[in-house]
Each structure stands twice: as structure tokens, then as C-alpha cells.
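Chemist: Sequence:
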Amino acid sequence: MYVDSTEEDNTTRYPALDQMTDTPFNLWEDHSKSSSMLTLASGILSDEQFYIIILFIIYASQIINNCAIIENGLSIAVFVKLGFSEPSNISLTALAVCDFTLAVLYTWNNLCFWLTYHNFRLPFHSANVSFLTGGAQVAYLSTTIAWITAFISFERCLCILIPLKVRRLITPRGTFVAMFIIILLTFCPSFFIFIRYKFVWAFNPHLNRTILNTTPVNSEFAILFEKIFIAICGVIQPLLAFSIVLIRTGLLIVQLRKISSWRVSVTSAKSQRVQPEENPAASSSVTEARISQKEKRLVRMVVAIATIFYVSYIPTCIGLLCYVIFDEFNLFGVYRRLFLVSGYIISFGQPISGSVNILIYYKNGLQV
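Sequence positions in the sequence shown follow my numbering and run 1 to 368.
Some hints here could point you the wrong way.
As the list claims (entries may be wrong) - Label pairs and their in silico Cβ distance ranges:
hint, residue 1, residue 2, range
1, LEU74, VAL303, 19 to 27 Å
2, ILE236, ASN208, 45 to 53 Å
3, ARG300, ILE195, 42 to 50 Å
4, ASN208, GLY174, 52 to 60 Å
5, SER265, LEU240, 35 to 43 Å
Because the hints were derived from the structure by calculation, they are not lab data.
Source: prediction; values computed, not measured.
Beta carbons are placed, not taken as given, at the ideal position from N, Cα and C, and that holds for glycine.
Could you build the full structure based on these sequences and the hints that come with them?
Modeler: Right, here's the structure in full:
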């Protein structure tokens with residue numbers, strides 16, 4: 001184990017530091033790495049900076065998580081009460097369930113780090129165990145939410161492009177099958193993480209007892225499988241969903257503007273025939289204003305959802321891409337601290353997206 005005097009001083013100030021670092025993680029470390037490399041990596045974030053950043057993010061993000069849990073829980077209850085005769089209710093319920101689960105998993109991760117920081121004498125290493133029971137699932141669940149959002153944008157695009165045929169193309173049963181397939185292909189593979197990592201019972205010298213911990217499986221097959229799988233499921237799939245959302249958002253905006261112009265011209269012609277004694281210009285302007293407001297609300301909703309979607313989930317793709325490219329950017333690598341900090345920073349955006357999206361759908365659904 002590589003320890004300098006600075007780390008020893010910080011260990012006395014932060015009693016949980018030993019429990020977080022002097023675990024099987026250090027015993028599994030590749031001792032062929034030079035001590036200068038390890039010193040440089042640990043110097044990027046000192047112990048004090050690491051704990052201050054993580055604790056601030058935990059407390060701030062937990063407020064957002066609580067809001068997301070409450071809002072999505074209420075949304076699920078409302079959709080269940082409305083029933084699932086409408087395809088849109090099924091897709092929105094699936095989105096609310098995924099956002100609710102995401103907030104719960106982030107809460108579990110925050111709780112585990114908080115328990116580690118306060119040095120609770122638990123029968124398991126909470127910070128490491130949370131990686132396999134919450135952290136990995138969060139990354140894949142983000143892909144699930146991305147594809148459900150893409151499907152919802154596809155529904156809305158069809159409603160605008162072919163409104164008379166959409167009921168035959170999108171049925172409740174078809175939507176349910178689509179949601180099942182999306183979850184099966186994007187979230188269920190998160191459990192393949194156990195090919196690369198596994199649980200072990202390891203002796204902890206600070207607790208003087210054996211506790212449940214995690215260890216990487218360092219076989220060539222496990223390492224290669226993880227990188228390929230994360231590249232496909234964690235980077236390529238979300239980017240494909242982002243592209244679909246972007247294209248359909250553009251199509252929606254263009255088509256909405258065309259429909260708005262057509263409706264204004266038709267309504268203006270009818271007003272001139274039905275009420276010749278009135279001022280046709282005034283009647284036409286009123287009708288145009290009403291249709292314009294409705295069209296603007298639809299455009300604002302589509303653009304707002306797409307913007308929140310991109311801002312919230314692109315950082316996750318970037319983090320997973322770094323995980324694939326850099327060998328030491330992982331839970332057991334040299335850049336373990338940067339990996340944890342970046343993961344907690346990413347946890348800010350997704351619960352916000354989960355809370356705001358449902359409100360946007362609900363508010364604009366009432367007004368449009």
C-alpha cells in the first residue's frame with residue numbers, strides 16, 4: 001500500500017478514509033505501477049477536497065432526489081387511476097417508473113457514501129457495494145430513459161404528421177410491448193456487471209472482522225466484455241436515442257409551423273364567408289393569435305423536453321466513454337476519486353430531468 005505523510009495526517013482528520021482506501025481495493029492494486037504515478041493521481045484531489053465535494057453533492061442532490069421521488073410517485077398514481085387505454089399513458093407511466101427508480105438508486109448511493117463517511121461499523125463496505133447495487137444500474141437506466149423519451153417523441157411526431165392513422169399504428173398493446181423491449185434491451189444488461197466484478201468476503205483490519213466487499217475479475221475476457229458492452233449499451237445506444245430525439249424534434253417544429261399556417265388560412269377564409277358584415281381582418285387576426293399561441297406552446301414543450309434531455313444525459317455518456325477509454329478511470333483504478341466525483345456530479349442532472357419532464361408533460365398537456 002502506498003501511503004505518504006499527507007495521507008496519514010488526513011486519515012486522522014477523516015476517520016472513514018482508512019475504511020474507504022485500506023480495503024481489498026489496495027490489495028488488488030497492480031504494484032507494477034510506479035509510486036510517482038499513484039502520488040500524482042492522488043494529488044489531483046486531496047482528501048479534504050474529495051470529501052467536501054462529495055458531501056456537498058450528496059446533500060444537494062438528495063433534495064432533488066426527494067422531489068423526483070415524490071413527483072414521479074404521484075404521477076404514477078395518477079396514470080394508474082386514469083387507466084392504460086391510451087398508449088400515451090403507458091409510455092408516460094414507464095417514464096415515470098424509470099425516473100422514480102433512478103431517484104431511489106441515487107438515494108441509495110448517497111446513503112452508502114454517507115454511511116462510509118461517518119464510519120458506521122457495517123457488515124459490508126457500503127461505498128464499494130453501492131457501486132454494484134446502484135451505481136452500475138443508474139448508468140444503464142439512463143439509457144432506458146433515453147429510449148423511452150425517444151419513443152414518446154416518436155408518438156408525438158406521428159400524432160402531428162399522420163393524425164388520422166396514428167391510432168392504428170400505435171395501440172396500447174403495441175406500446176406495452178415496446179416498453180418491455182426497451183427495458184429488456186437497455187436496463188436488464190446492467191446485471192452483466194457481475195461478469196467484471198463480484199462480491200467477496202474480505203478481512204478489514206480497521207474493523208478487525210470480515211465484511212462484504214467487491215473485487216474486479218481481471219481476466220482478459222471480463223475486461224474486454226465490459227468495455228465492448230459499455231461502449232454499445234452506455235455510449236452508442238444513448239447517442240442513437242439522442243439523434244432520434246433531435247431529428248423528430250426538428251420534424252415536429254417544422255410540421256407544427258406548416259399546420260399552423262394552413263389552419264390560419266382556412267379559418268380566415270371561413271370567417272370571410274360566414275361573417276361578411278364584420279371586419280374580416282380583425283376576425284382573422286384573432287383566430288391567428290389563438291392558433292399561434294397553441295402552436296407556440298407545443299413548440300416550447302418539444303424544445304424544452306429535448307433541451308433538458310440533452311443537458312441531463314450527455315454527461316452520463318461522456319463519463320461512460322471515459323470509463324471505456326481510460327483503464328484507470330474506474331472504482332478500483334488510480335483515478336478512483338475522480339471517477340467517484342464525476343459520478344456524483346452526473347447525479348445532479350438526471351433527477352432534475354425526471355422531475356421537470358413530468359411537470360412539462362402534465363402542464364402542456366392541459367393547455368394544448
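Chemist: The structure should be examined with respect to each hint, and the outcome stated for every one.
Modeler: We went through each hint and held it up to the structure:
1. LEU74 and VAL303 have their C-beta atoms about 25 Å apart, which keeps the hinted 19 to 27 Å range intact.
2. Between ILE236 and ASN208 the Cβ separation comes to about 47 Å, which falls inside the hinted range of 45 to 53 Å.
3. Taking the beta carbon of each, ARG300 and ILE195 are about 45 Å apart, inside 42 to 50 Å as hinted.
4. Checked against the given bound of 52 to 60 Å, the beta carbons of ASN208 and GLY174, roughly 59 Å apart, stay inside it.
5. A beta carbon spacing of about 38 Å between SER265 and LEU240 agrees with the range 35 to 43 Å that was offered as a hint.
Of the numbered hints stated above, none is contradicted by the structure.
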